[in-house]
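Go ahead and model the full structure; you've got the sequences and the hints to work with.
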Amino acid sequence: AGREACGELQFRVVQWHDTDNDRWFNFLTNDMDLKPEQIAALYKER
1 AGREACGELQ FRVVQWHDTD NDRWFNFLTN DMDLKPEQIA ALYKER
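Going by the numbering used here, the first residue of the sequence shown is number 1, and it counts up by one from there.
None of these hints come from the bench; they were simulated from the model.
Wrong hints could be hidden among the right ones.
Label pairs and their computed distance ranges (CB to CB) [as the list claims (entries may be wrong)]:
1) R46 to H17: 14 to 24 Å
2) P36 to E4: 23 to 33 Å
3) A41 to A5: 27 to 37 Å
4) E4 to N30: 10 to 20 Å
5) K35 to L9: 13 to 23 Å
6) E4 to E45: 29 to 39 Å
7) P36 to L9: 13 to 23 Å
8) W24 to E4: 30 to 40 Å
9) K44 to A5: 27 to 37 Å
10) E4 to A41: 26 to 36 Å
11) E4 to E37: 34 to 44 Å
All residues carry an ideal CB built from backbone N, CA and C; glycine is no exception.
So, in structure tokens, the structure goes:
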């Protein structure tokens, strides 16, 4: 149903490691131009 309504969607998963707490985060984004560090910073600001 979603594919018919939206067409083909492209996304990527960006992983970021929080070295202070030794935790990994996975961020889903459709922005293919920003660097992984920029994507992680955007999520961190939220």
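Hints and how they fare:
no., hint, result
1, R46 to H17: 14 to 24 Å, "18 Å, holds"
2, P36 to E4: 23 to 33 Å, "32 Å, holds"
3, A41 to A5: 27 to 37 Å, "31 Å, holds"
4, E4 to N30: 10 to 20 Å, "18 Å, holds"
5, K35 to L9: 13 to 23 Å, "21 Å, holds"
6, E4 to E45: 29 to 39 Å, "35 Å, holds"
7, P36 to L9: 13 to 23 Å, "20 Å, holds"
8, W24 to E4: 30 to 40 Å, "35 Å, holds"
9, K44 to A5: 27 to 37 Å, "32 Å, holds"
10, E4 to A41: 26 to 36 Å, "35 Å, holds"
11, E4 to E37: 34 to 44 Å, "36 Å, holds"
In summary, the structure agrees with every hint in the numbered list given earlier.
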